[in-house]
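Protein chains: 2
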Amino acid sequence: MKVTAARKRKNDPEGVRSRILDATARLFQAQGYHATGMRRVMQVTGLSSGALHHHFATKDALALAVIKERVAPVVRETWVDPVRTAGSLGTTVQVVFSEIVRGIEQRKAVAGCPLNNLAMELSFSNPQLREPLRAIFQEWQTTLAARIGATHGGVPMDRAQRMEAASFVISVYSGAMNLAKTAQSALPLRAAARHLKEWLLEQGFSP
Amino acid sequence: MKVTAARKRKNDPEGVRSRILDATARLFQAQGYHATGMRRVMQVTGLSSGALHHHFATKDALALAVIKERVAPVVRETWVDPVRTAGSLGTTVQVVFSEIVRGIEQRKAVAGCPLNNLAMELSFSNPQLREPLRAIFQEWQTTLAARIGATHGGVPMDRAQRMEAASFVISVYSGAMNLAKTAQSALPLRAAARHLKEWLLEQGFSP
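Residue numbers (this note's numbering), protein chains in the order written: chain A, 243 to 449; chain B, 243 to 449.
Everything labelled a hint here was simulated from the structure, so no lab data went into it. It cannot be assumed that every hint is accurate.
Note that the list lumps identical chains together, so a pair holds whenever it fits in one copy or between two copies.
[Unchecked claim] List of simulated lysine to aspartate or glutamate pairs, DMTMM-like, C-alpha gap at most 25 Å:
#1 Lys350 to Glu373
#2 Lys439 to Glu341
#3 Lys350 to Glu319
#4 Lys439 to Glu256
#5 Lys301 to Asp264
#6 Lys301 to Asp400
These numbers were taken from a predicted model, which means no experiment stands behind them.
If we strip away everything but chain A, and leave its shape as in the complex, we get:
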């Protein structure tokens, strides 16, 4: 048993797999899916072609794992969990935006939202990768919709209306991140946060 455990540690297939995912997620974020070849992943991980392909037979298998095991958790941690556990939705949205703005101002660069980036590059041209990307947006939207107040100006809202309001919130964030990335500045995110918080309050969607 001891020998097997030691060999396992030495071989450490889970560790290698995780290292591949980390490296690929970073490459996708910096330069995108199409600009990242399997050869480049081999270079930055120091793995042979055989070792890399042992874990991921194709680039799309690797991309799928990056989406599910790296991109989805980032969106959950940044947006979905704070919204799920929020006291006030308006305040939480403000806090999420502030955290993102703070990160950008520390790094002095805007690489963009990893979900947005891959979704924009792949949604039209790669239906198989579109599906798991869409699922992340869906989880985000459903969580937001569940936290949006049940009335709009005193009038009860049905689920479709709450989903629509949630879609609007995600659109504002997603688009502001587009502008921030293009301007390489956090200003569009600041503008979006301010107007979005006002909107949530004025619409009665958040206390």
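Since the structure of chain A is already known, use the hints to place chain B on it.
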């Protein structure tokens, strides 16, 4: 003179250049910048490497021309000119969204906004192409800001506040297009249009 004119027509360098730009703009829109090689442009235009490189020495020279001569005019025609000549900003925004939704529903596919697509793929990794993309957003934002009402709830707004409101409008559109592309559905654009029109009216930004 006659012979020269005839030879010019036969050679038609402007026609060839225009054909290259059309083909490349279509390829960028369908599959993106990185997935489109010069070889593919040669295939779809039927040009030799020499003929293609006579017009565009590098892929980035070609991309720059596509941005300035194909992407910018589309944004001007779709967004900037209607906003510039708008009676009511709220109504015009609604009409622009409706036109885009109609196009999507006719094609039954969402390839996305050509400006958004290239900006997302290139803004972080290619500063030289980021600049002309940023300039298109800037023109769009400036035009919107000039049409946004001068007061907000009766309080006069300065230029920075109008630019911020314009940034919010573009964010909503741009993000809704992201969601529409990922969902391959016009629904997020419909949701965005409805809430955005309400917002413009409620904020007093549009009659």
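Among the hints numbered above, which are violated by the structure, and what are their numbers in rising order?
Structure breaks hints 4, 6.
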